[in-house]
Structure formats: C-alpha cells, structure tokens
Amino acid sequence: MRQQCLARVGKITALALVLAGLVWQGTRTPALVDPSAGDYEAYWMAARLLLTGGNPYDLDAVAALQGVPPLQNGSVKVAWNPPWALAVMLPFGLVEFPLSRMLWFLLMVAVLFASTSVFWLRDGGPLSRRWVAALLCILFPPALLALWNGQMTPLLLAGIAGFLHSGAQGRWGRAGAFLALGALKPHLLCLFWGVCVLWGVHHRRWQIAAGLGITLAVAVGAVACVDPLILSRYQEMMAGDPALPPLTLTATTGAMLRLLLGAEKAWLQTAPLAVGACWTCLYYWRRRRSWDWMEHTPLLLAASVIVTPYAWPPDYVLLLPAILQAATRVSGAGTRPIGLALLFYVPVVAACFTVWFSGVAGVWHAWQPWAVLGACLIARKLATPARIPSTASNLGTLR
Numbered sequence: 250m251r252q253q254c255l256a257r258v259g260k261i262t263a264l265a266l267v268l269a270g271l272v273w274q275g276t277r278t279p280a281l282v283d284p285s286a287g288d289y290e291a292y293w294m295a296a297r298l299l300l301t302g303g304n305p306y307d308l309d310a311v312a313a314l315q316g317v318p319p320l321q322n323g324s325v326k327v328a329w330n331p332p333w334a335l336a337v338m339l340p341f342g343l344v345e346f347p348l349s350r351m352l353w354f355l356l357m358v359a360v361l362f363a364s365t366s367v368f369w370l371r372d373g374g375p376l377s378r379r380w381v382a383a384l385l386c387i388l389f390p391p392a393l394l395a396l397w398n399g400q401m402t403p404l405l406l407a408g409i410a411g412f413l414h415s416g417a418q419g420r421w422g423r424a425g426a427f428l429a430l431g432a433l434k435p436h437l438l439c440l441f442w443g444v445c446v447l448w449g450v451h452h453r454r455w456q457i458a459a460g461l462g463i464t465l466a467v468a469v470g471a472v473a474c475v476d477p478l479i480l481s482r483y484q485e486m487m488a489g490d491p492a493l494p495p496l497t498l499t500a501t502t503g504a505m506l507r508l509l510l511g512a513e514k515a516w517l518q519t520a521p522l523a524v525g526a527c528w529t530c531l532y533y534w535r536r537r538r539s540w541d542w543m544e545h546t547p548l549l550l551a552a553s554v555i556v557t558p559y560a561w562p563p564d565y566v567l568l569l570p571a572i573l574q575a576a577t578r579v580s581g582a583g584t585r586p587i588g589l590a591l592l593f594y595v596p597v598v599a600a601c602f603t604v605w606f607s608g609v610a611g612v613w614h615a616w617q618p619w620a621v622l623g624a625c626l627i628a629r630k631l632a633t634p635a636r637i638p639s640t641a642s643n644l645g646t647l648r
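Numbering (the numbering used here), first residue to last: 250 to 648.
Hints are not guaranteed to be accurate.
What the hints assert, rightly or not - Computed Cβ-Cβ distance ranges for the label pairs, DEER-style:
# : residue 1 : residue 2 : range
1 : V595      : V446      : 36 to 44 Å
2 : G419      : W616      : 37 to 45 Å
3 : P596      : S481      : 36 to 44 Å
I should point out that these hints are in silico values taken from the structure, not numbers from a laboratory. Don't be surprised by glycine CBs; every beta carbon is placed ideally from N, CA and C.
Please model the complete structure; the sequences and the hints are all you need to start from.
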C-alpha cells in the first residue's frame, strides 16, 4: 500500500513538474506575449472587434486593429471560423492580450489532458497507467504546436471525448451537445460527420441532431445579442473572398497533390475528400450491425485529417485518439510488442519534430498523418486485443 501511494505521488509530481515547465516555457515563448506570434491573435482580435461593435470578418477592420498597413492586408490573420465559434472566443476578448493568451493556454492544456484521459479509459486503458496518456500527449509534436500557436483544435478532441462518454451512458442529447465543439472546425471531422448521420438515421438517434442543433442555436444567439448582423457578415465573407480555403495550399493530402500535379488545379484539393466519402460509406456499411463508436472513432478522425481540404499541422492533434488506442492495445500485450511498436512509432515522432523545427512550408507536413496512422495500425497488429470495459463496449451496441 505504501509503495502504491509513493508511486502515485511520484507520477502526480512528475506531471505537475511537466505542467509547470510548460507554463514557465509558455511565459518565455513569444506567441504568448506578442500578439503578432501564433494563431491565437486572430481569435482575440475577432472577440475584440465583436465587443467594440466592429465586424470580426472584415479584413480591413482586422488589419486596422492589428496595425497592418492597408497594402499589406494579405498578411492579416482572420478567424474564418463560423459564428458559433465566436461564442467561445468572446470571453477571452474581455481582457488584454497577454492575460487572455495565458488563460487560453492553460485551458487548452487542461482540455488536452482531460480528453486524452477519457480516450485512454474508454478504450480499456488501466486507470493506474493514465499517466501514459498524458505523456503521449506531451510528446506528440502537433499537440505542442497547437498549444504554442494557440489553436482551438484541442476543443474538438474534447467534443469527441464528451460524445463518446455521454453515448456510453445513453445520453444522446448531451452527446449531440458535445459535438457542437466539433463544429468549431467542422471540416476537420468531415468523415466523422458522415458516419454520425448514417448511424443516427439507422438507429433513430434523433436526440443527437437535437442536442447539436440546440447548442449551436444558443451559441449563435449569444453572439447575435452582441452583433445581430453576424450571420449575414459571415455569409458575405464566405461569398466574397476568393482567397478562402480550400483554395489555399495547406498541410493536406489534396494540397500535396496540387503541388505535384499543378497548383492551378484547385479541384485536386477536394479529390481526397470524395475518395474518403466513398470509403466511409463502405466502411460503415460493412460494420453497421455491430458498430462500436469507441473502436472506430480514432480511425475516422485520422482519415478525416488525411482527406480534409483544409488543415494545418496543429490540427494533427486529432490523431491522438489513434495513438492512444494503439497504446492501450500494446500496453497489455507484453514487452516484445511494446518494443516493436516503439520501433515504428518513435522514428515517426522524431521525424515530425525534425520537420517542425526545420521551418519548411506547411504543405510539406502532409505526410505526417499518413505516417502516424500507419505506425498506429502496425502497433495494433503487433498487440493482442485489449480488454474493453463494459462502459466502452456498450457504446456501439445501444439500439
């Protein structure tokens, strides 16, 4: 008993030291104190404009707030997120940038740790080894990049984790409400949404759509109380700016195809999505009678990141569930499978770090989701199936 207590204290202390190190490093990182560094600037500027009666989707207004000369508007960072995402950003615009950025950083750290813990436990990972999930999160380059840039993609992980946890309890309305977090960047979950529709119709889980719709309506209503024209302004921005995604060359498979076969062929950026949609329908149809959300969601998320027309390296944090699923399978399979899994996974992570620090263009990161997913699938093949707790196995068998 005493040894168990000491081991638990040691793990908690180690995680506390890691968190303290992240906070300390964060205070010394330009992205947390300089509004011109990182992507969080766009979120904070949008919230500021909204609170002061401005248009968060107006390029000129954002440029003026950032102090960018009118002729250099192309370098302005604008939050392209839909209006309901502004409800999340709004409270952080009430304070000055340094404090706002630090609060956002701490929130994202907490969200990442909580989400990875849910995925670990729901997929059968032992409670005593929950620290492994936190460690894998900390050592995953896209997770660190998301924190450094101030991206909101970790909130999508929280939405999926909440969906799985609520679904396991049969509370599908609440599960749908959690999916509103996934709608902050809906394109990143493109294939997941398709299966949600197919499964929801097949099993008549209308509560999911109701929970999602009500939550989004409340979020838009809250933003509309500040700016009644927010929906028309968003529509005007989406219809009037030719530089909007998916035309931008980003860190996606489609962008890589454009780079190799001709950047002027914009349709290539959406070609993987069409292929992914066909694969998703076939994948679900073959498993429709025994669909298990916990078993198949990690693969759906990874595939969504691979085929989406618009993504950046911080968005690869959505690969974490696939990594955690492979880890739970390997953790109970003995020393040899663990060693072999690390033999495949560690070089991939090392390569991700190398590309990150090399400063190459974002489009050249597009191989990373393929490599991470491949390493995870190999690790799962090397391991024996892990024991899945009843709360997790019930997730896909509810009718």
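Hint-by-hint comparison with the structure:
| no. | hint | in the structure |
| --- | --- | --- |
| 1 | V595 to V446: 36 to 44 Å | 38 Å, holds |
| 2 | G419 to W616: 37 to 45 Å | 40 Å, holds |
| 3 | P596 to S481: 36 to 44 Å | 50 Å, violated |
Hint 3 from the earlier list is the only one contradicted by this structure; the remaining hints agree with it.
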